[in-house]
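Chains as they are written, first to last, in our numbering: chain W, 1 to 577; chain V, 1 to 425.
Do not rely on the hints blindly, as some may be mistaken.
Unchecked claim - Taking CB as the label site, the calculated pair distances span: (1) V/L42 with W/R560: 37 to 45 Å; (2) W/H337 with V/A346: 18 to 26 Å; (3) V/P165 with W/E529: 31 to 39 Å; (4) V/L365 with W/P568: 48 to 56 Å; (5) W/D206 with V/L42: 40 to 48 Å; (6) W/T359 with V/R43: 53 to 61 Å; (7) V/H214 with W/K363: 33 to 41 Å.
By construction, these hints were calculated from the structure, which means they are not laboratory data. All C-beta atoms, glycine included, are put in the ideal place defined by N, C-alpha and C.
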Amino acid sequence: MSRSLLLQNCRVYDPLHHIDGEIMDIPIRDGKIVDSVPESASRIDLSGLTVMAGGVDIHTHILGSKLNTARAMCPEDHRADPVAATKKTRSGVGFTLPSSFVTGYRYSTMGYTTVTEPAVPPVKALDCWEELHDLTNVDIAMLPMLGNNMITFDFVQQEDLPGLAAYVSWILHSTGGLGVKVVNPGGTYAWAHGKNVRELDTEIPDWRITPRMILTSLCQAVEMLGLPHPLHFHPNNLGKVGNVETTIAQLESLKHIRGHNGRKHIVHLAHISFDALGMVEGGRPEWKDVHSGGLQLAEYANANDHFTVDLGQITFGPATTMTGDGPFQFSLYELTHSKWANMTVDVELPGGAGIVPYTYDPKSPTNAVQWAVSMEYALNIRDIWRCALSTDHPNAGPFTKYPLVLSWLMSKRQRDRWLTEMHPSVGQRSTVAESDREWSLYEVAIATRAAPAVILGLQATKGHLGVGADADIAVYDLRPDDIQRDPDRIVRAFSSAHLTVLGGRVVVKRGEVASTPHGRVWSSSPQVEESLHRRVVGEVRERFSRWYAHSFDNYAVPVRYRAAFETPMATPSVAES
Amino acid sequence: MPVVNVPCPFCGCLCDDIELMVHDGRIKSNRNGCAISKTKFLRHADDRLVGPSLRHSSGHELVSLATAVDHAARILSASKRPLVYGLSSTENDAHREAYRIAELVRGVVDNTSSVCHGPSILGTQDAGEPIGSLGEVRLRADLVVYWGSNPQVSHPRHLNRYTRPIGEFASKRTIWVVDVRRTVSAEAADAFYQIQPGHDLEVMSVLRALLRGHKLDCTEVGGLSIGQLQQMAESMRAAEYGVLFYGLGLTQSWGRHHNVDAAIRLVQELNEYAKWSMVPMRGHFNVAGANRTLTWTTGYPFAVDFSRGYPRYQPGEYTAVDLLQRGEVDALLNVAADPLASLPAAAVRHLRRIPVINLDPKRNLTSLIAEVNIPTAMAGIECDGVAVRMDGLPLYLRKVVEPPAGVLPDREVLRMIYDRMVSMR
Ligand code: SF4
Ligand SMILES: [Zn+2]
């Protein structure tokens with residue numbers, strides 16, 4: 001028996017099909033959007049409401065060991081936001097570090113249906129798989145981190161690109177990942193020596209390789225494998241004043257790499273509010289001399305189309321910073337003298353990830369400028385398709401602030417209102433105040449669903465409302481005419497979806513969770529040629545016995561934890577050389 | 001054919017190189033395991049609870065599983081303030097089921113970490129924590145310090161497996177033991193520093209002061225001369241990669257979480273000079289997992305109260321010992337722990353007055369007084385699951401033999417109790 005549903009009189013924003021506010025019906029059957037449904041299908045009339053594909057988040061820390069360490073370390077955070085159980089939902093906590101159940105519910109309530117955890121230490125992927133059993137209402141993708149992994153280093157040092165590609169494929173297969181994340185390539189490794197590496201061509205300790213070699217090799221390996229998602233990149237020199245220069249240099253170093261099947265974008269630059277810090281003329285790389293580098297990065301992006309970004313928008317108020325960038329986190333700790341956790345992950349993240357709670361204050365001259373970085377980018381980039389919304393949850397603020405971020409992007413009035421409350425440095429050191437641009441609903445639909453779906457390589461079934469798409473749908477109580485005049489309405493509407501549908505099932509009604517089905521987990525591990533695979537697994541096994549303190553046989557995430565949810569994507573197989 | 005690379009479900013080392021010979025559904029030998037591990041595997045069939053039972057005035061009467069489950073569900077449903085306790089010697093999925101029950105009955109959940117490394121967690125909540133990994137210790141450490149821990153007894157393979165073999169990224173290694181008495185581990189170390197009981201906090205603080213270059217106007221602190229302390233501080237500063245393993249000698253001695261706080265601050269400050277990490281010597285094989293599962297479910301690692309329908313956290317108030325000593329709970333669901341043997345007398349006195357539902361593979365002191373006993377499969381031998389090593393590494397536990405006939409994993413029994421309670425509503 002097929003379950004059919006007809007959403008009627010929707011005002012549709014579906015940029016992948018160039019649909020900009022047309023009134024239409026959306027027929028749904030068996031979890032998919034279809035051509036038509038029988039007369040007997042149940043109907044929901046959505047007259048006057050805005051309808052988009054379900055939201056897709058490309059970068060949000062919602063799973064895994066460092067998140068749990070942060071949760072355990074910050075009871076004061078949870079105390080601010082207890083969440084009671086209901087007949088349909090489990091209890092938990094919210095605020096900047098929502099518990100697993102609450103994470104799913106809150107995304108769902110905002111109309112999001114797919115989320116990506118971008119920083120999985122492969123050896124602890126089992127952690128993530130266990131947790132996601134308790135994270136319902138959304139589809140999930142995970143990106144293992146490989147940019148400081150000694151086995152990666154070994155292949156890079158030997159210039160064994162096919163070997164590296166086969167290793168990447170083996171990691172994705174073992175962990176159920178979708179793509180590859182690189183965090184401060186070589187720099188986090190150097191942190192095992194109490195150091196950092198900030199420049200592309202500085203050799204890293206213990207090895208004869210540089211960040212440039214790690215970065216370009218991994219990018220090439222990803223393209224060789226034809227992974228759906230290009231390399232997901234957190235650059236060197238993060239959080240350093242003036243780092244927009246080094247970030248651009250790193251993007252330049254990848255420009256020559258040919259995309260798989262002719263695709264243009266070969267790298268995704270994460271959370272630019274931390275990567276595009278400018279410096280005042282004649283200044284020094286110190287916080288007092290910070291300037292927004294968002295415009296400079298936008299201009300570079302307008303002239304070079306090999307990369308995409310997500311914003312990592314600072315939202316003001318409490319946040320919890322957590323990255324696989326150990327030395328950056330330590331420098332933040334030295335700045336704040338707040339709590340600091342560091343977590344070494346042996347072979348894969350020597351030096352380790354870090355966690356530091358942080359509060360962004362609009363009155364702080366540096367925080368205000370940092371807020372402007374990604375704003376300035378978003379208001380000056382020509383091609384919104386290369387710009388995904390994120391707060392790098394919970395680094396620049398929790399994902400529950402997305403509606404606020406959208407109100408800033410959609411309403412000059414809202415920006416002006418906030419700018420008057422901010423430190424005046426933001427006016428002197430960025431151009432945000434001068435920009436009149438206001439994102440339309442169509443552009444919002446690009447940056448919050450269509451673009452991230454394309455960048456993740458999920459566009460066959462995600463990010464749009466065409467026939468064949470997964471029936472992941474968000475309905476907002478929002479009319480195009482009253483948006484700019486009433487920014488609070490934008491915040492309200494995007495905070496609380498009128499309806500969210502996941503895989504054809506209604507999961508949210510009028511802002512309340514109505515059901516809690518489990519989403520799928522999207523993975524991708526292209527097969528490499530058999531002999532190459534055998535060689536590489538043999539080499540990995542040998543390094544394993546030298547470098548790890550547990551057994552090779554206990555590395556891969558067992559099927560028992562994956563079978564119910566994992567959905568491997570069809571990808572081409574790849575031959576040697 | 002041996003079953004290889006089996007994780008040992010006994011202590012926080014979770015050594016996963018155990019080789020078992022299994023014949024006719026029985027474990028015949030254990031290679032690589034320490035003496036404790038051999039006992040755990042080879043004698044897993046000893047002292048078992050024979051079947052589900054209910055206690056009457058004359059003793060325990062064997063009943064069907066359904067009857068025991070029904071009785072357990074009735075006790076929990078009738079209870080005003082039930083406590084769910086234990087969990088550190090079972091696998092993670094059992095925890096998840098236990099939390100569902102606690103939430104349903106609006107009870108309290110606490111795991112055994114509240115009586116071992118709870119203070120470590122409190123210290124972390126004050127200061128954070130630079131956490132090491134055992135793999136990296138083996139590979140890189142040049143200075144390893146055991147503080148208030150006697151691994152040769154409590155974690156017999158810790159030294160031989162993780163800290164003695166020097167990996168290729170360290171050229172030398174020194175192992176210290178800091179403790180209040182000369183233990184067998186002290187004998188096995190390169191250096192031993194004996195401090196007076198109850199003086200850990202002072203010694204840590206002085207080390208920090210010396211690291212910062214302060215001059216102290218005393219000759220001795222906590223049993224160590226200033227000269228010795230100066231030397232320690234200098235070696236710690238000169239290390240390239242240092243690791244502090246700390247045990248109950250630090251967390252359960254005078255000062256408790258203040259000691260851990262001081263240790264964390266010390267290690268954090270050492271990071272100004274060199275790379276330093278620390279690792280708590282977690283005892284039960286999955287106490288770290290109990291903290292982790294509760295954290296992703298509720299935000300808090302132990303001592304969680306659901307009485308208001310949402311999780312609240314308050315060590316000292318919602319911790320098992322405190323609840324029991326105050327006589328506050330009126331039923332106990334105990335999973336994979338032996339509170340009667342391990343909790344203080346005042347807590348045990350109250351335990352004897354309230355109905356106890358006990359899930360465990362084996363007979364123990366708690367099973368003697370429990371109103372309902374339900375035998376369960378032994379996690380990591382008779383059922384699979386995940387446990388978390390002391391350094392946070394999750395490992396997949398194996399089912400190597402079948403449990404005794406009719407005996408189910410904790411998670412399944414807990415699910416049955418939950419379903420029964422829901423159907424009774
Ligand atoms: S040290 Fe602990 S985990 Fe390792 S074999 Fe012995 S009891 Fe088992
Ligand atoms: Zn991030």
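Hints not upheld, ascending by number: Violated hints (numbers, rising): 1 and 2; every other hint is consistent with the structure.
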